[in-house]
Amino acid sequence: MTDEVVLLDFWPSMFGMRVRVALAEKGINYQYKEQDLKNKNELLLKMNPVHKKIPVLIHNGKAVCESLVIVQYIDEVWNDRSPLLPSDPYQRAQARFWADFVEQKAVYAVGKKLFSTKGEEQEAAKKEFLEIYKTLERELGDKPYFGGETFGFVDIALITFYSWFYVFETFGKFSMEAECPKIIAWAKRCLQKESVAKSLPDQKKVYELALELFGLK
Amino acid sequence: MADEVVLLGFWPSMFGMRASIALAEKGIKYEHKEEDVFNKSDLLLKMNPVHKKIPVLIHNGKPVCESLIIVQYIDEVRNDRCPLLPSDPYQRAQARFWADFIDKKVYESSRSLWTEKGEEQLEAARKDFLESFKTLEGELGEKPYFGGETFGFVDIALISFYSWFYVYETFGKLSMEAEFPKIIEWAKRCLQKKSVAKSLPDEKKVYERVLDLRKIFHLE
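Just so you know, the sequences run in chain order A and B. Position 45 (the first sequence) corresponds to 45 in the working numbering; numbering is contiguous. Position 127 (the second sequence) corresponds to 127 in the working numbering; numbering is contiguous.
Treat the hints as calculated values from the structure; they're not laboratory data. Wrong hints could be hidden among the right ones.
Claimed, not checked - Below 30 Å or equal to it, Euclidean Cα-Cα: the simulated DSS-like pairs (lysine-lysine) are:
1) K105/A to K204/B
2) K26/A to K53/A
3) K134/B to K62/A
4) K127/A to K134/B
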């Protein structure tokens with residue numbers, strides 16, 4: 001019996017991108033269904049009645065929701081290739097901790113303030129945004145990836161924000177390359193992977209969409 | 001080599017309680033170190049430099065932080081007894097989904113019930129709180145536990161809020177028994193387990209502590 005895998009997603013969503021990267025890492029064939037978030041369809045509402053959000057992975061008709069839950073699910077089901085989480089329980093706990101850090105610090109919500117606020121509020125958001133990334137840069141250290149030698153869970157959780165860097169930098173008036181060079185070096189290393197390159201939309205396309213979506217100039 | 005397990009906790013914290021329950025479920029001996037969250041120890045700051053919060057599990061000198069991550073870690077290290085997460089990946093994903101729901105929806109609204117001053121904000125928090133428990137009661141359905149026949153991850157994630165029900169009822173002006181009889185029934189079932197009964201502090205003690213906290217935050 002062949003697996004039927006469907007992904008309900010929205011192309012600029014950094015949460016959806018995480019699932020795309022995980023599916024690509026595992027070489028899983030799936031059907032991508034672009035969602036209109038202003039006009040949610042029956043399938044999305046039926047598959048994620050609790051949050052009504054994307055991404056939703058539908059595996060043989062059964063829904064899995066929440067991007068990091070989905071990535072772990074993909075890793076556990078297709079456990080014969082390209083492990084995304086470490087096999088050691090302690091390393092696994094560290095990976096979950098850093099992925100949770102990215103979630104808790106709400107990079108997207110903070111980043112959003114960079115283009116939706118001005119003056120003091122924007123300055124505070126910029127400070128917070130850079131602090132988050134500097135903490136991550138310290139954690140990365142001199143490792144090629146957050147997991148060490150191989151690309152994994154924390155890299156997947158974080159790399160997808162890269163598509164939005166141009167938006168954040170332009171409105172926040174700063175340069176990630178200048179502020180967090182190790183993060184940029186790490187991001188470029190990740191982008192050399194086909195799974196990442198084909199899952200992340202172009203920064204300029206995201207910028208154009210952000211201008212439209214948020215009514216920015 | 002014997003394991004050295006230390007848990008940095010704070011007795012009213014529902015997050016700390018989750019770790020205590022998991023350790024008790026697995027029959028793991030450990031040293032509990034009570035932290036004063038207003039005067040954090042050097043050990044806590046060293047073991048959790050990123051968030052500076054409890055609980056922190058220190059296993060043979062190495063820290064694990066964040067309550068649900070600690071519970072999963074305990075389950076994976078002591079995987080020879082009392083599984084806390086299901087073995088099936090799909091069921092496991094569902095368990096993680098609901099634990100995440102509890103952290104996102106229940107914690108925020110419940111905290112607002114006793115920290116908000118404005119009538120409007122309190123009413124909004126009350127609405128969110130009631131909605132989130134209604135969703136959880138729906139998910140529980142007729143099952144004895146959230147995981148089905150056996151006590152598990154989602155039960156651990158939620159039961160720790162039980163010690164705070166009296167606080168929510170008092171400040172939120174609601175009755176958990178009246179609004180969510182199935183949740184109360186489920187909670188009483190969980191409390192029959194020794195691991196839960198010994199990890200949850202008395203509701204009235206938590207309430208008294210909250211009264212102190214409200215004075216400290218100038219809410220009284």
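Could you tell me which of the numbered hints above are not met by this structure, giving the numbers in increasing order? 1 and 4
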